[in-house]
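*Asks:* If you read the protein sequences in the order shown, they are chains B and L. Per UniProt numbering, the first sequence starts with residue 1, numbered consecutively. Per UniProt numbering, the second sequence starts with residue 1, numbered consecutively.
A portion of the hints provided could be inaccurate.
It does not matter which identical chain is used: a pair holds within one copy or between any two.
Stated by the list, open to error - Calculated pairs, DSS-like style, for lysine-lysine (alpha carbon to alpha carbon, straight line, at most 27 angstroms): (1) LYS38 x LYS187; (2) LYS187 x LYS60; (3) LYS271 x LYS259; (4) LYS187 x LYS271; (5) LYS259 x LYS187; (6) LYS38 x LYS259; (7) LYS38 x LYS60; (8) LYS60 x LYS271; (9) LYS60 x LYS259; (10) LYS271 x LYS38.
Hints listed in this document are in silico derivations from the structure and should not be mistaken for laboratory results. Predicted, not measured: the structure shown is a model, and the values here were computed from it.
There are 2 protein chains.
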Amino acid sequence: MLDYPALAALSEILRLGSFEAAASSLGVTPSAISQRIKTLEERMGEVLIHRGPPARGTDKALRLVQHLDQVRLLERQLAPQDRPTLLRLAVNADSLATWFLPVLGALDLIYDLVLDDQDHSRDWLRQGQVSAAISAEPQAVPGCDVIALGRMRYLAMATPAFIARHFPDGPTEAALRAAPAVIFNQKDAAQSRWAEALTGRRLHLSGHRIPASEAFAQAVALGLGWGMIPEAMIRPGLAPLSPLPLDVPLYWHIQRALKPALAPLTAAIRKRAAAELRP
Amino acid sequence: MLDYPALAALSEILRLGSFEAAASSLGVTPSAISQRIKTLEERMGEVLIHRGPPARGTDKALRLVQHLDQVRLLERQLAPQDRPTLLRLAVNADSLATWFLPVLGALDLIYDLVLDDQDHSRDWLRQGQVSAAISAEPQAVPGCDVIALGRMRYLAMATPAFIARHFPDGPTEAALRAAPAVIFNQKDAAQSRWAEALTGRRLHLSGHRIPASEAFAQAVALGLGWGMIPEAMIRPGLAPLSPLPLDVPLYWHIQRALKPALAPLTAAIRKRAAAELRP
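Just chain B, same shape as in the assembly (with noise of 0.2 angstroms):
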């Protein structure tokens, strides 16, 4: 078995970025805390703390620490906790801008979210660093149980006033390559694929990065650019490029052992994105 303390005090040094922050959380010295990691490392084989400030996890330590996570999520059902349980999810930032806050209250737990684009949030459960995810990805990752909640509409918009100046012929091609867009962060294909759906090329785009999703769509309201954004955050005033939509499916994907203490979470995901998503 693993060292059960050890990880616990792997996880405050993650959590507090330092050995004695966390010997304070944890009620124990320093060098009760330094023994327990040293130890832990010996056993692994390799460093696990790259010490700071701040002190910072390798890849194999947010492994153990979101293992340990896990455990105290299923020990939970058999035995009161003594301190609050950690839930970590990757989220893309747009379901967190819209639909997706409110589900958190179905179970008591501390959330710690990872935010992502929807293409690649399920990376991070995939790389175990998060218990599941919210993802345009279908495929599961071993492991995990994927379930569908619907497709997340977007539309191409942006103010009249840009609309006339850079598209007085409409979306087409030289016209997208000349205009500015509003894309959320180097990884965000949105704004690129309904463009390839709508021209049938492969269009090279250029724009503003705006990676948070509120401004994103305060700044096609503002006229600094063209964006891809959900039906539910379009504003009064702006006006599609075309009526042709992007339908983004996500899934929820689970770490199968987790299932039955996150069912849950899951029951409230699955009926909110019912409500709030395109069947």
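Given the coordinates of chain B, work out where chain L should sit on it, guided by the hints.
*Replies:* For chain L alone, coordinates are given in the frame of chain B:
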């Protein structure tokens, strides 16, 4: 002198994620792109790109691209440019969610925003990865100027039901240790700093991590925890844990060489900060 066509190739590869996409965007062959990068790597004496996919730049590559963008920004004052000029800025998430975005209209540039906590956004400037930053840090980075913008006021807020359940005797040290907070990310110290100012003790708070400004405020409104919310984002129905505010001074840090080229942006930032922040 550096080889600017090679830097342009490097920039496009990192922006688009592949040599092929960069070649298509620049209208040259992939082998011409490879050759430019190879020559540049030999000149710099180090690898600049992890081939991927997606292709990712080393720290040195990111600094070179940032330098190219700065040179383009300076050139813009002398001659029309054949492609849109990119400006990379670090902005703290709460500024982006409240007052910052409309200032971007002051210059006709393509903006690439990097988001971070207000205590760390300046680090991006020090690492040479952005041209300017909004940060709570008053000390200038070498080669940069600092302009004080005013203070963003935060209040410790929660729902009345949350306060009745977790803080029946007010925000005591014991209650603050036990009640779940909402925390932006691991680096976010706003809750701890406020709790220390209130109690005189450094507390280790535990809480949900919600790394998006609007969702953070929504999580507090849903009763998941208490959190420090910017005045401008406080929703009706929330109550303060205490009248004690946390005032965060904000500064505009800007590369000195770019100050003339970015003067209209700086003027817009000063004007909007004067209207939206506390003096």
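*Asks:* Checking each numbered hint in turn, tell me which of them this model violates, lowest number first.
*Replies:* 4, 5, 6, 8, 10
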